[in-house]
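A.B. asks: Just so you know, the sequences run in chain order A and B.
Take 1 as the starting number for the first sequence in my numbering and just add one per residue.
Take 1 as the starting number for the second sequence in my numbering and just add one per residue.
Please keep in mind that the hints were generated in silico from the structure rather than gathered at the bench.
Heads up, a few of these hints could be off.
Listed next, the stretches of chain B that the computed footprint assigns to chain A, with coverage defined by at least 3 CB atoms under 8 Å from CB atoms of chain A [to be verified]:
1) 165-176
2) 179-193
3) 284-294
To give an idea of the interface, some chain A residues facing chain B are shown, with a C-beta separation under 7 Å as derived from the structure [stated by the list, open to error]:
4) Asn91
5) Pro92
6) Ser93
7) Ser108
8) Phe110
9) Ala112
10) Glu117
11) Leu121
12) Ala122
Beta carbons: idealized from backbone N, C-alpha and C, even for Gly.
Listed below, chain by chain, are the residues.
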Amino acid sequence: MELIKEGAASMAQSRHRPDSPPLLHAIGITKLFGSFKANDGIDLAIRPGEIHALLGENGAGKSTLVKILYGVLQPTEGRILWKGQPVGIPNPSTARKLGVGMVFQHFSLFEALTVVENIALALSDRKSRSALAREIETISLEYGLPLNPCSVIADLSVGERQRVEIVRCLLQNPELIIMDEPTSVLTPQEADDLFVTLDRLTARGCAVLYISHRLEEVKRICHHATILRHGKVVSECDPQKETAAKLATMMVGVEVRKLSSDLPPPQNTRTRLSVQNLSMPQPHPFAVALSNITLEVKAGEVMGIAGIAGNGQGELFDALSGERPCHAANSVSIDGKPCGDMGVTARRRMGAAFVPEERLGHGAVPRMRLSDNVLLTRHATGDGLLRGGVLNPDAARELSDRVSRSFDVRKGTPDPEAGSLSGGNLQKFVIGREIDRQPGVLVVSQPTWGVDAGAAAIIRQALIDLARSGSAILVISQDLDEVLEIADHVAVISKGHLSPSRPTSGLTREEIGLLMGGMGEPHSADRGTAYAG
Amino acid sequence: MTTLMLEGILLTIITAATPLLFASIGELVTERSGVLNLGVEGMMAMGAVVGFAVAHSTGNIALGVVGAIVAGMAMAALFGVVTLIFVANQVASGLALTLFGLGLSGLIGDAFVGVPGAGLARVSIPGLSDLPVVGLLFRLDPLTYLAVAITIAVSWFLFRMRGGLILRAVGDSHVSAHALGYSVIRVRFMAVLFGGACAGLAGAYLSLVYTPQWTQAMTAGRGWIALALVVFATWLPGRVVIGALLFGGVSILQLHAQALGVGVPSQFLSALPYLTTIVVLVIISRNRALVRANTPAALGQSFVPDR
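Chain A with its partners taken away, still in its complex shape (with noise of 0.2 Å):
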């Protein structure tokens, strides 16, 4: 707790950038894929003992230069200066020799392996296991990253996963690190305590290169932004001085719309999606047992799960959908009608649909047309895609055009491969492919993951829309922020405990991260049927 204070208090001060010649310089940087320019003439200076914050809506071309100032990615052209000096960074351990560290947004570790194996993997010097031991402890208490160099990375939460990517980064001595949205799978709290860390780690020189569409977050703690769009640099600023909607504005190149929910969620409407006293045993070792939980979501509202990556979500979803069934049909009720024994398409009869996490792979074939794959999820519900049993490719491209046309999904060919989508595209395409149907219930995992804030806000407005027609909306989301934006009641899971649910109004960010965290667990299992609403 006393690290958490100390930050904020030096977080209370403003920010000056350091007044120091650049650390790195990237000039000209121009990277092709094929015809298509990633990056267009983008220059970059970092100076020593900056939070440097690098903006940009996903495919903007952020990830792209990261990976060429690392050494993972060969520039087409342009050069990068390091203390002034022209240097080639053909690969990531030539990087790493100069003094460039990297925390990856997918983390970049072994699951099957150690925290030690895993930190001896990155460096090039050959110390005995023991004394690197030693070390990572030594390091982990100076940062504040407290860290067992003996476990197994899959035992690892996600927060002590990036402890792991970090002390690695730090072992390597570095004066520049780059960080890939480091806070997109954090809880607040954890969040904060990354934040000292940065602290002291710009106060020793080390300058952070921060990647975020976090746009408060880069307010709070950068120094100074570089704003990217459609690979080129379109603006450099202070973020402390520029308020968050206009840094959004920057990025995305026109105003994000507001969200609007005007009309409050109807009250004492009947319950249409139910779930009484759910357990579920693990379905293997490194998965989360589902306990006792019990929610309702009722007809016109949205009904948030908040909670950090891991915690029994994706079981849920699974519970919910059919994809594992229970034994119990009682334990999940759709309009009142039990269904926890019946499959997918059973369920989806009944009115309910159903968005997974993972877009690519679970929500869609990558390697199918976006005509094939709106049979997948509507073969069974009457939209006419089959004639007597046969396909009817006509009417599944007339489905899929009447999707891509109410939600913006931009696409090269009339009927791609859905693979061939960027993320944002394909996610509003997965969660439109589903509200065409105007579902009853709607169980909707993660459905901003990594999409950028244009599509985002078009995602949100349509599930606060279909609420509030009448349907059953379950959010099941570890990005808080979008909870309580869209969300009239939230709960929490942690370890596979739902804890009750609150209206949103009133509750604070601070509150949900303890949940979060695990403090709200004890009290789930006996208040877990108390239900009020």
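Place chain B on chain A using the hints.
C.D. replies: For chain B alone, coordinates are given in the frame of chain A:
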């Protein structure tokens, strides 16, 4: 049963187990790097025929063994080029390698069918080989010692050395390994070559020690058994030894049982080695956490670096 007879049985069990041990330990290393090479049977057949041919034409058995290793590695290199560099499907390429190896070995070996070969002499370790019963463990052929040495070395390499850590990392997540700057393709190619060398040795053992002659398709499915052993042994070298001895042991014992005229259908007895090995290894690999921790997560997945 006399001690002599017991020793004889034990000896045949060890000789039956050795080729399986060679082939599985090689495949284990290959699979730990994330590559599934189903061509073990074909590489073994090539090792057997080249080993016999070289030993017969030069009169030097050691040269024959070297020839077998080279033949196994050449086959593995072919597989590596096709699957790692041209990114072909590993399952299909492995099956093709087996068919190719069996066919080509038959063609090369045509001239050697029925030619009597000289077996590899046993080596006695002075002092130890005179001990009662256990002494026989020190009166084996040099290739068996080599198989044991390779197993220990592989175990040490995988779990105690940096190179082994890199190999396991590549097999666990090639994307992460690449992001850290390791050459996934190079590591995998070397692992595939090692697997080929071991399969070649397994073949040489068959045609130079086990039955010192060449007959077509003399590998008789041992390559497939080796593949299964790796999976059931949950990619742990120690368990591969158990599996190989078990399979070798039961296949020899059932022969003796058939000779003694036990009142059990001979078909059942012939199937017994397969059944016992599978049952025992399934039982010892019931710990699912252990299986999950040791299964190479990237097994069979092709890797294409994005540059």
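A.B. asks: Against this structure, judge whether each hint is valid.
C.D. replies: We went through each hint and held it up to the structure:
no. : hint    : verdict
1   : 165-176 : holds (count 8)
2   : 179-193 : holds (count 4)
3   : 284-294 : holds (count 5)
4   : Asn91   : holds (5 Å)
5   : Pro92   : holds (4 Å)
6   : Ser93   : holds (4 Å)
7   : Ser108  : holds (4 Å)
8   : Phe110  : holds (4 Å)
9   : Ala112  : holds (5 Å)
10  : Glu117  : holds (6 Å)
11  : Leu121  : holds (5 Å)
12  : Ala122  : holds (5 Å)
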